[in-house]
Amino acid sequence: MDLTTAIEMDSKKLLNLALQQGGDYADLYMQQTTFHSIVLRDGEVNAASTHNEGGLGIRVVSGQNTGYAYTESTLPRDREEAARTASYIAQGLIRRTKPAPIATLNLPDRYRIVRPWEGFSPQEKMPFLYDLNERIFSADKRVEKVTAQLSDATSHIECYNSLGIHCSDIRPMASLSVTCVMESGGQRESASASRSFRMGGEFLHSAMIRELAQEVLDRTSFLFGAKQPNGGEMPVVMAAGGSGILLHEAIGHAFEADFARKKVSIFSDKMGQRICNPGITVIDDGTIPCNRGALNVDDEGVPGQKTYMVTDGILTSFLHDRISAGYFHTEPTGNGRRESFRCMPLPRMRATYMDNGRDTEEALIASVKKGLYVDTFSNGQVQIGAGDFTFYVKSGYLIENGKLTQPIKDTNIIGNGPEALARITGVANNCIIDNGTWTCGKGQTCAVSCGMPSVLVASLTVGGRV
Amino acid sequence: MKQKDLLKQMCSYALEMSLKKGATHARVAATSNNANGMSVLNDSLETIEKAVDSSLTLHLFVEGRYGTCSTNKVDPSGLDKLLDDAIASVKLLAPDPFRKLVPKELRYEGPPLYSAHSGSVDTGVKKAFLLDCACAIWNKEPALISVMADYSDHRQWLHLADSDGLHCTSEETWYNYSVECTVRGKGDARPSDWDFQGGIHPWDIGIGSGLPCTCAATALERALAKRNPRKIVSGRYRVIVENRVAATLLAPLIDAMSGSSLQQQNSFLLDKLGENIASSVLTLIDDPRRKGTPGCRFFDSEGLATAKRAVIEAGRLNMYFLSTYYAEKMQMHPTISSPSLLLLKEGKGNAATLAGLIKNGIFVTGFNGGNCNTTTGDFSYGIEGFYVEHGQITYPINEMVMTGNMLDLWSRLLAAGDDALKTMSWQTPSLLFDDIEFSGL
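Chains as they are written, first to last, in my numbering: chain A, 1 to 466; chain B, 1001 to 1441.
Hints may contain errors.
With a straight-line cut-off of 30 Å between C-alpha atoms, the simulated DSSO-like cross-links for lysine-lysine are [unchecked claim]:
(1) B:1186 <-> A:263
(2) B:1127 <-> A:98
(3) A:442 <-> B:1272
(4) B:1422 <-> A:263
(5) A:263 <-> B:1231
(6) B:1422 <-> A:442
(7) A:141 <-> B:1272
(8) A:442 <-> A:270
(9) B:1272 <-> A:145
(10) A:227 <-> B:1272
(11) B:1127 <-> A:13
(12) A:227 <-> B:1231
Since the hints were derived computationally from the structure, they do not count as laboratory data.
Let's have the full structure, built from the sequences with the hints guiding it.
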């Protein structure tokens, strides 16, 4: 008997066991994942890996408190032991909750798999990596090294909870990343590019390989003429696409409602208030087809949805899981996500982006006398309570008298979330969702994406030479 | 059957199956973990977690080709199918003549590593300990908004074996607790800070030792000190980097010494072996066999025996971190795939003592994001900390960025303190650097 069948048969028994000591809510989360990857290095695809794992996580919620345990075993005694462990959180309570009769949720399919990864052999995948390698080496004599990794994962999810909800989801994830090293006149530079979607084998096609090869070539070439900028406070034009990292770090994390519930977010008391200029709308969206952050259903049985966090400059919603939604007396927003069955769900972002404005990127650049234009990024971070956030810029340009001039690279930009939001003085009409391998860390990793139209932030602190 | 015997049996079975199904050679790592976690928010228990898991990872060498497979389903039928699929896939790859098992003369042959506590801690004891920690400060400081206290313990068994007769075993435990405080700052700001304790025994963190929990008071004091920060003018400053975050600056050096970076020409330490890459103040020792210390290990992930090595000696780069694979590719001798227990040679004093050497400078107590380009060594990190004036640590600063190049930075190391935290696997004291670029106002 496989794990899914076993859980279907005794989910009610496990939920009853989990709630035996009391509590408001319990859920079971079953996951079975298969992962494959192949690596091209030094001109050969000569390493492959396969990983499979599965298990069951059991959670009991009592007010804001959580008991959690998981097991990788399919034996009834081990699953029952996990339920008893999770139930500890409610020990001593008088409240008793009886699980409701189970009904299955009807869900949309935002990532229909055309060609399942199961059965897609390395032999079929390898030509794409060789093609990528060949395109990069043949385009530029400065290329010394290319490494590329193609990975795919397929997760089967089953969730049952004491509200009577059962849902299942099949989540694919495909990613291709490439790094190029070039050398010229003793100077060495490297850059990377990637694509990631919730797709099956249809993810792989020649047009994507051509696009990725050109992107990594352009990015690496660019660095030879670039230098670290002079530092200090200055206006920054953030290009459309990956600049969405600004939203993710500057406000997205601070809008995750577990932080607001614990009163540690700088935005904890700002619901319903104006936090940026009119015309600015910020969305966290689980409904974009095949997007890396798309979800048919979150990891606690709430349908994937589109959440308007900021509407026309007003803070209109935090990102909720079931616990924070209960605390704030609102509905969960489908943001209860977890890395795997080993972790309890937390409010997490999906695809976070800003709606289009009315400006053009050209006009935003032209309005800056002395500043910075930034277009590729690698990582970011935020201090939730202080509000200080940073993101690392891989490339961009100086702006001098309204024109892009000197290429720049490798600078960290720092700002304060509420202040930076209030300083967004121009939003262009060119929103792009970046489809790179964005991964968010909050104790657990989570696949996300981000997007942005070009925006002008009137002042941020740019790291650089002084 | 004891856990270590069970893991050895699993490895032997997996090796036998691998060879039977067509692998020429194989290496297997089997692990088993027990972990418990608990957290308290303010004055009540918030979460309790328990984890029991296992994993089996196989490295398969098939007709000159290489691949890996891993699973947490260690039953024979699941392993059978996994191996069939993995070996079939590996056979389709290009050959890689550099993939080999660890040479017998370099592998670990000694007794098992036992760096573990022999018992366990009752759930009620942990809960009482954590509540005591949080309640020591909760409701006692008007500016305190929240206190989060986290406890975790972890026990791991590992058995590593290969088809050439390698067998290595370890059993380790780790106990840890941390406290994070958030306080009211200026305007809407809610600065926070943390403190932690760790060790292989419960009494290392205070459980059963009769010693008071100090982390909560330290975390609160640090958070309060961060209120009302300012940004100061951009410029070049003498800087102290606090012991608990100094390893952030060490990490890019270690990355640049790794075989994967070097072989891919993606390292600013390429061709620098034997050269001076830092000030003579910097001596870095990898000392893996200090039992009872985090990072202690007798063998690495492929079975190479660890040994005490001077990684950097008085500023001179003495070694790269080379696994057998990258050593073969680079036609060098293998050393070890990665560092274990790094000790930066200490000098005298703590951060406050080092501040005495500063007329006008910055005391960095935390990094906020940033990165280092491994190819060029150029870096840029957000920082928080304090302004130092005439030898005194004064008001808090934030929203500033420290920028430069790693080789230049480490050449400016003036002094190291003697305050390295013994609960970290990279033990770095507070460090004093001269003339570093900071961007602010």
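**Item:** Hinted pair residue 442 of chain A and residue 270 of chain A, Cα distance within 30 Å
**Value:** This hinted pair holds, its Cα atoms lying about 23 Å apart.
**Asked** Can the restraint linking residue 1186 of chain B and residue 263 of chain A be considered satisfied, given a maximum Cα separation of 30 Å?
**Response** holds, 15 Å
**Message:** residue 442 of chain A and residue 1272 of chain B were given as a pair; does the straight-line alpha-carbon distance stay at or below 30 Å?
**Reply:** Not OK: residue 442 of chain A and residue 1272 of chain B at ~37 Å, beyond 30 Å, violated.
**Prompt:** CA of residue 1127 of chain B to CA of residue 98 of chain A, is that 30 Å or under?
**Reply:** Satisfied, since the Cα-Cα distance of roughly 28 Å is no more than 30 Å.
**Message:** Hint check: residue 141 of chain A vs residue 1272 of chain B, CA-CA at most 30 Å. Holds or violated?
**Reply:** holds, 25 Å
**Message:** Just to be careful, I want the Cα atoms of residue 1422 of chain B and residue 263 of chain A compared with a cutoff of 30 Å; is the pair within it?
**Reply:** With a Cα-Cα distance of about 33 Å, the restraint between residue 1422 of chain B and residue 263 of chain A is violated, given a limit of 30 Å.
**Message:** Just to be careful, I want the Cα atoms of residue 227 of chain A and residue 1231 of chain B compared with a cutoff of 30 Å; is the pair within it?
**Reply:** Given that 30 Å is the threshold and the Cα spacing comes to 25 Å, the pair holds.
**Asked** Given the hinted pair residue 1127 of chain B and residue 13 of chain A, is their alpha-carbon gap at most 30 Å?
**Response** holds, 29 Å
**Message:** Next pair to validate is residue 1272 of chain B with residue 145 of chain A; report whether the Cα-Cα distance is within 30 Å.
**Reply:** Between residue 1272 of chain B and residue 145 of chain A the Cα gap is close to 20 Å, so the pair holds against 30 Å.
**Prompt:** Straight-line Cα separation of residue 263 of chain A and residue 1231 of chain B no greater than 30 Å?
**Reply:** holds, 25 Å
**Prompt:** Given the proposed pairing of residue 1422 of chain B with residue 442 of chain A, does the C-alpha separation stay at or below 30 Å?
**Reply:** holds, 26 Å
**Asked** Is it true that the CA of residue 227 of chain A sits at most 30 Å from the CA of residue 1272 of chain B?
**Response** Given that 30 Å is the threshold and the Cα spacing comes to 23 Å, the pair holds.
Checked against the numbered hints above, the structure violates hints 3 and 4; every other hint is satisfied.
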